[in-house]
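Based on the provided sequences and hints, a complete structural model is requested.
Sequence lines, in order, name chains R and B. If you use this note's numbering, the first sequence corresponds to residues 585 to 977, in order. If you use this note's numbering, the second sequence corresponds to residues 11 to 101, in order.
Hints were generated in silico from the structure; no laboratory data involved.
If you want a taste of the chain B side facing chain R, the calculated C-beta under 7 Å gives, among others:
1) Ala17
2) Phe22
3) Val26
4) Ser34
5) Thr38
6) Ala88
7) Ile95
Values in this document were obtained by computation on a predicted structure and should not be read as measured data. Glycine is no exception: its CB is placed at the ideal position from the N, C-alpha and C atoms.
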Amino acid sequence: MTAATAALVVLVIVLALIFDFTNGFHDTANAMATPIATGAMRPRVAVAVAAVLNLVGAFLSTTVAQTISGGLIKEGGGGVQVGPVIVFAGLIGAIAWNITTWYLGLPSSSSHALFGGLVGAAIVGAGLGAIDYGVLLGKVIIPAVLAPLTAAVVAFLATRLAYWITRRQDGRPDGRRVFRVGQVFSSSLVALAHGTNDAQKTMGVITLTLIAAGTQRAGTPPHLWVIAACAAAIAIGTYTGGWRIIKTLGTGLTSVKPAQGFAAEVSTASTILASSHLGFALSTTHVASGSVIGSGLGRRGSVVRWATARRIVTGWVLTLPAAAIVGAIAQLLAGLGPIGIVLDTVLGVGFMIAVFLRARPERIDASSLEREVAGAGAAVHRPKKRDRRGAAA
Amino acid sequence: MTINWLAFVTVFVASVVAACLVVSLFATGIRLLAMPPHGARPAGAARDEEMDDVEGPQRPRRATVAAVVLFVVAGAVALYGIYLIIPALHP
Chain R
585 MTAATAALVV LVIVLALIFD FTNGFHDTAN AMATPIATGA MRPRVAVAVA AVLNLVGAFL
645 STTVAQTISG GLIKEGGGGV QVGPVIVFAG LIGAIAWNIT TWYLGLPSSS SHALFGGLVG
705 AAIVGAGLGA IDYGVLLGKV IIPAVLAPLT AAVVAFLATR LAYWITRRQD GRPDGRRVFR
765 VGQVFSSSLV ALAHGTNDAQ KTMGVITLTL IAAGTQRAGT PPHLWVIAAC AAAIAIGTYT
825 GGWRIIKTLG TGLTSVKPAQ GFAAEVSTAS TILASSHLGF ALSTTHVASG SVIGSGLGRR
885 GSVVRWATAR RIVTGWVLTL PAAAIVGAIA QLLAGLGPIG IVLDTVLGVG FMIAVFLRAR
945 PERIDASSLE REVAGAGAAV HRPKKRDRRG AAA
Chain B
11 MTINWLAFVT VFVASVVAAC LVVSLFATGI RLLAMPPHGA RPAGAARDEE MDDVEGPQRP
71 RRATVAAVVL FVVAGAVALY GIYLIIPALH P
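Written out as structure tokens, the structure reads:
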């Protein structure tokens, strides 16, 4: 392996880990937006729990796919060689789109961003014929339409059921506050499932790049350091907390109450576990957003803000093409040779820094969210039992 | 490649069944915890629809036991879900 190839492989690994990090902070919301919104867990506790479970989850399942793009690009025998350059350009596209949607507070699928980036880079690098459009439709586009709809129906039914079973009898309290205890467990399950699903993707990218570079034998499992690095990257990303997205999903779509939040989280967990177990992969993000909307429709007296839902869906529609365009441009530049790769890296890092700086003045973080939840809670505050007794005496 | 509709329908049905099962178990547990003692008169006070605690320990003992059993079963279903996502456990 020449020094130039080695440098490129190192660069791809670093970018893959950065992507894994953005994947983590993008998706904290999927598990933790609703328990934060109902006050079941304090924001910092919630992201810490999610981070640990993502870390654990990453070690639970390390089956790496045979192809980087899941068959989206005609890789291997008779197809295109997806070399480190295409992966590099694809990752730039995926990271750029993940950072952009984070800035806009939009929950969007990191897998779609990765696929988009790779597709764009592969089209420029190997032509339009490199893409298997049947797989694109059957494995990416149609599931993306079905995932939120499925989750919405499941969550709608589950929410109705939760309220119907606990409706108040004899004018006595219904105990719905207890659902907050359940939320701790249901959201943890979502976080664990996320770790097993998503860290694996980055492990696959790194492992297949190492195989392509000739430093690892084809068909061998990922090295332990790859697993550990990916687990750490996604966990740190999760702990950083994509607070902007947590805000959108927890309070932007509909105001979430304990029984409803529990139903939404259980629906998300069921749908994701069923889909990954039965081989019809659905995006965690699409499922979680669908569940929140479905549960909002299921709770009487709640309002779903369709304007926010429309923004999110627009983001989903744009994810694949937008990441593809950035990936394509990165691949064009990379075609210039080493100077192009350097230029790509500088532009990519520059873009990240620019977005973070732009986001600073309107910072959303754990404490600002906590104040918001406390503010909403104050309206329905009820003193603790012993305080009430004290007041009555 | 076209979409595998059968797989999708299976996922949909499994999701509905699993989610409704866990929610029913947990909600019924809460319903039992909130059960009034025998012969008690309604409290009648209008309170918060969403954030009600269950009231005191005056509920029948059987209700408490049944509630705990339901919570445990709900937890067992969740554990089965975890079992499913760990490939090492089912080769």
